[in-house]
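> Listed here are the chains, written in short residue letters.
Protein chains: 4
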Amino acid sequence: MHNFCSDNVTTIAPEIMAALERANNGAAMPYGNDEITKRLEQRVAQIFERSVAVFPVATGTASNALALSALTPPYGAIYCHEHAHIQVDECGAPELYTGGAKLLPLSGASAKVTPGALGAALALGWRGNVHNAQPAVLSLTQATECGTIYRLDEMRALAEIAHAHGLKVHLDGTRFANALVSLNCAPADASWRAGVDVLSLGATKNGAMAAEVVIFFDPALAQTMAFRRKRAGHLFSKMRFISAQMEAYLTDDLWLRNARHANAMARRLADGLAKIHGCRLVHPREANLLFVMLPNRVIDGLEQAGFGFYREGGVRTIRLVTAYNTDPAAVDAFVTAAQQLAAGGPVTMTA
Amino acid sequence: MHNFCSDNVTTIAPEIMAALERANNGAAMPYGNDEITKRLEQRVAQIFERSVAVFPVATGTASNALALSALTPPYGAIYCHEHAHIQVDECGAPELYTGGAKLLPLSGASAKVTPGALGAALALGWRGNVHNAQPAVLSLTQATECGTIYRLDEMRALAEIAHAHGLKVHLDGTRFANALVSLNCAPADASWRAGVDVLSLGATKNGAMAAEVVIFFDPALAQTMAFRRKRAGHLFSKMRFISAQMEAYLTDDLWLRNARHANAMARRLADGLAKIHGCRLVHPREANLLFVMLPNRVIDGLEQAGFGFYREGGVRTIRLVTAYNTDPAAVDAFVTAAQQLAAGGPVTMTA
Amino acid sequence: MHNFCSDNVTTIAPEIMAALERANNGAAMPYGNDEITKRLEQRVAQIFERSVAVFPVATGTASNALALSALTPPYGAIYCHEHAHIQVDECGAPELYTGGAKLLPLSGASAKVTPGALGAALALGWRGNVHNAQPAVLSLTQATECGTIYRLDEMRALAEIAHAHGLKVHLDGTRFANALVSLNCAPADASWRAGVDVLSLGATKNGAMAAEVVIFFDPALAQTMAFRRKRAGHLFSKMRFISAQMEAYLTDDLWLRNARHANAMARRLADGLAKIHGCRLVHPREANLLFVMLPNRVIDGLEQAGFGFYREGGVRTIRLVTAYNTDPAAVDAFVTAAQQLAAGGPVTMTA
Amino acid sequence: MHNFCSDNVTTIAPEIMAALERANNGAAMPYGNDEITKRLEQRVAQIFERSVAVFPVATGTASNALALSALTPPYGAIYCHEHAHIQVDECGAPELYTGGAKLLPLSGASAKVTPGALGAALALGWRGNVHNAQPAVLSLTQATECGTIYRLDEMRALAEIAHAHGLKVHLDGTRFANALVSLNCAPADASWRAGVDVLSLGATKNGAMAAEVVIFFDPALAQTMAFRRKRAGHLFSKMRFISAQMEAYLTDDLWLRNARHANAMARRLADGLAKIHGCRLVHPREANLLFVMLPNRVIDGLEQAGFGFYREGGVRTIRLVTAYNTDPAAVDAFVTAAQQLAAGGPVTMTA
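Residue numbers (my numbering), protein chains in the order written: chain U, 36 to 386; chain V, 36 to 386; chain S, 36 to 386; chain H, 36 to 386.
Careful: at least some of the hints might be erroneous.
[Stated by the list, open to error] If you want the footprint, here are the derived chain H segments under chain S, 3+ residues with CB under 8 Å:
1) 60-67
2) 91-97
[Claimed, not checked] A short list of chain V residues far from chain U (calculated; beta carbon distances all over 10 Å):
3) Glu56
4) Met244
5) Leu256
Honestly, the hints are just simulated from the structure, not real lab data. Think of the CB as a built atom: it goes at the ideal place given N, C-alpha and C, for glycine as much as any other residue.
The following block holds chain U by itself, in its conformation from the complex (with noise of 0.2 Å):
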């Protein structure tokens, strides 16, 4: 595979496809009254070492914009990165559940919100003014868009001033196994222990087929979210096959073992890249996603050569991404490529 396009034109892991045939056996009640369901709640309770409120579903965009909409009312205020998926990739998903709360972006390097700017934000002092939208949500990304990572500390920092202006703290946790293994600590410490009340964590991009889980660390405030996930149409009738992927995602440290082969790849990528005259990481390497600035005859070379990437906004940055199943072979033939095109040569490949 030389497709570093996205994570998410991955195949399912073997595991997950193993666990979708164990559950495709008999008949099981619908809508998440079954067992496998039940013992994924008790599998995530666990693993983040505190009771829970657990929503599974099918898209990181639902599980975004549902967690969200449990958050905010309709006329509240989401502070968000300027290049947050929820801000920019999801054609406007948290305005419709949400039912029209805006979101307010905040700049800050490599798609991190500083406290700075998130501090700056709400000392407008919007609260209990009726002409202003009601700030409602922080809403942050682990591992961000850029690859980034927020320290346990940041986080932290973010989410202290977030809950002292009376804010909720959303994560968006689509590459989230990714940023733990990169934090190399406990899904509690990266999670409710620095501050956040609900995560959106993500299964998707890490091996599954569609599986995604809304987790509400205080489950006071999942109240209306029964009816909001049936009612954007995420409630899944044979909700134990999403529920099958998500368990098994979380056994035997699948989740973590994929997430560590994904960022080890980008970091062989990075490595090889590092040697090549004219190469820059446009953002530190902290997880699966390196945006590399490159000749823009290297980019054009390596898009003839056959390799998938996508190009970024304006000139000479491509988005590289890592998966759990990333080929070692597939990194080496695509940094030699570079090596090759940036040496004014002919790629020559072996594969």
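Since the structure of chain U is already known, use the hints to place chains V, S and H on it.
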């Protein structure tokens, strides 16, 4: 399997599971830009003998609500039966997706909208009157929520009234295959040739894991649909795994074979129950749902014997649903148990 | 004035016009932070014998839709008569303001919800079932859209059923004063003592230019209301000019005097028409609206003679509305003309 | 009057009050089917030298939000300045009315959108990409929230960029008259000839009680507007009393005369303050709003002396707004007091 609660308590059909396994082979571009989804589009066009716009989604509620949202302005009116799934069982999903359209429930025996009820509602003259919701859609269900079926001439008559008043016709086809084999006609006859503009075609209840598809017979009506699906969180990154289910479903007549079996099991069940004194079908048996009135003592006994079914609203009526994989032996066991109970005796189960 | 189309075709009552002129005196802080609005709040509390939360707005539709939006989640169900203004005549405003709540129309003679219809709807057991819209509000209209009136015991009985099922009770009081003088009771008796939680009290149809007020008898229910009003564009910067109208309306019994006159004129009209052969009141005359069945020839003749009224839906029925300023001579002229036409003769107008 | 808080703290201008009194004469058909509203439509067309669609409403927020809702799909993007009223001061009204469109805030000095900021935002290439909100509207404010004014060439340049990207151009003209007299051009020059597609023209802040009008320069864009206005509760039954205000406003140049006075008073105020040491205008004075930086001691002293104004966000800056009826003596008193305070002395008020 002795669970007659719903056709959504079932497993995944072997042909569909095999298709999932085949699809799990190598990287593929996300969000429907894959080969399987392209093939599915062609398959649907071929089966329905027409150029169509095709949108795979994963739940019936999403399929219905998204289709409706493409057909009505937010100030529109959607006419449907008072027992329609979109009115009763979707927790307001159509209202959410349409931005607040109004569902106008019509009465009619056995969940079938009558030309009289529809005509009377439209005769109120709301079109163009700024005070009223604007008539936009007629939504029918085939097979209906009561397990009955619109004959083709009935559907054409309703669609004619609708079109004459400027409405579009939506068909909730969560059990379209069950209707189709009962009508014994071509898919095109039961849809666009009968006046249907948009079909929400379901597979989940007939053997899929989670696969539905919205089919626009006039692609011009679908112009906003891609955006609506995305912002609803129903654009799957690994869409090929939905498309693969649906492709298998529509291959080698699997959908028809599965539906024929389900319908045959319902007939076997109805025939068996017909011999019981005091047993009465509340609605005609035309697909794979039965609503059966039985003495309370019999109902209680069946429940105690471990048979699964839902009790309807008030008294003495139960809903029995057969599926693509219903075991004839399970049907016979149910009938025998009901007979024994009706005769005043205990149930003697052999299995 | 020979216009019986509606009580909204009328001028501004002199007392209210005078109040507008008095209010137009010097600067005042905007958005309700003015003296007149403060006085109005006290006046309403005094008249209704209770601590209340008061929200002046300018249209009946806004008053109803905002009140409902404070009482239901977006996935809620609002029970109302099938002829209710909120269901028929607001182009989906309740759906917009509530974020997509579902209005469930109930039948009942003369636009009055019956305990039977309400009880049957609530007996469906939707509460807590994630598939169904969640029962949230009972909305009644007093006087009704047919000009009838709920007796206090009728209203209490309905409110009791509603409250027993966890619903809040909203009253569309666009013609509350007309009902009040007919019931001949205290405002408190006809509202919160009868079980009403929130009253949309209208003045526009009874002599104001544009003035309505939402009254929460339990201020705790109003917590989100200030934000909802603002984001609906119904927070007036120069609110004192709405408040001044409403204050004048509630001063020196102006609302009751105006309503008494309107009701008396309706009685005079009904009494006169009662003597005409072939004339029949479709609904009991209890406030200031009459629905009169007349020979088509008479209706046509009245129209040609220049009288203003609306024809109802189908055939042979017209709606006649009297107002605070209806001229008895206009009533008599109408009756005389109808008599002449019924007798087969031409209309001889003296005025 | 020494209240410089806003131009909405003012009374009703005598010409407009007289128009209300004249309009209060006899019955008239409701909901805009009256003579005055018809005349207003012609007046607007005449003044703007073009066939237009005209929708009177009562608040600026309604006027803006309704206009936007006619121009964007629910998944659309609205580009505006980060200080725009629609972004900051309407508690999410645009989001409500549009069904969840996304406002994208642009930066720029003194509340003016720059071609650079707009171009950069549009260069992201969201159009047609299903993941992104779809670019739909550019909304400008004239005069801006900082009291500055787009020159005609500036507005044309922005509109050109917008139109080239398929956007419609909306103008929040709550203070359009103030801009117009400052630009000293024809209304058509400052609106559609400069590329504006829809204008929310305000009168409330310039002498009306509550009167705004949405003007579509391309009536084809207004097709859904009547329904949207009604379902928003902004279709007034006695609309003639809004239309009468607006008609008077646009008669005998009242709007221009009032605006000229307000602007002149702002100039007088600015000129007076300019002589004070340590006093600085934060934004250019171009209309009737001043943002003035003053020593805290001066600000406190002015407040204690009874002058009304709002303090801006942080420190040392106040907003002063003059109006159609600002008394020159009040301006002079303010300047004198500020001078005395700046000189270290006490305030000696003569009035």
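> Look at each hint and say if it fits the structure.
These are the hints, each one checked on the structure:
1. Under the rule that three or more residues need a Cβ within less than 8 Å of chain S, the assignment of the segment 60-67 of chain H holds, with 6 such residues.
2. Against chain S, the segment 91-97 of chain H contributes 6 residues with a C-beta closer than 8 Å to a partner C-beta. That satisfies the three-residue criterion, and the hint holds.
3. For Glu56/V, the shortest C-beta to C-beta distance to chain U comes to about 7 Å, within the 10 Å cut-off, and the non-interface label is violated.
4. The beta carbon of Met244/V sits about 5 Å from the closest Cβ of chain U, which is not more than 10 Å, so the claim that it is off the interface is violated.
5. Distance check for Leu256/V against chain U: the nearest CB is about 19 Å away, which clears 10 Å, and the non-interface claim stands.
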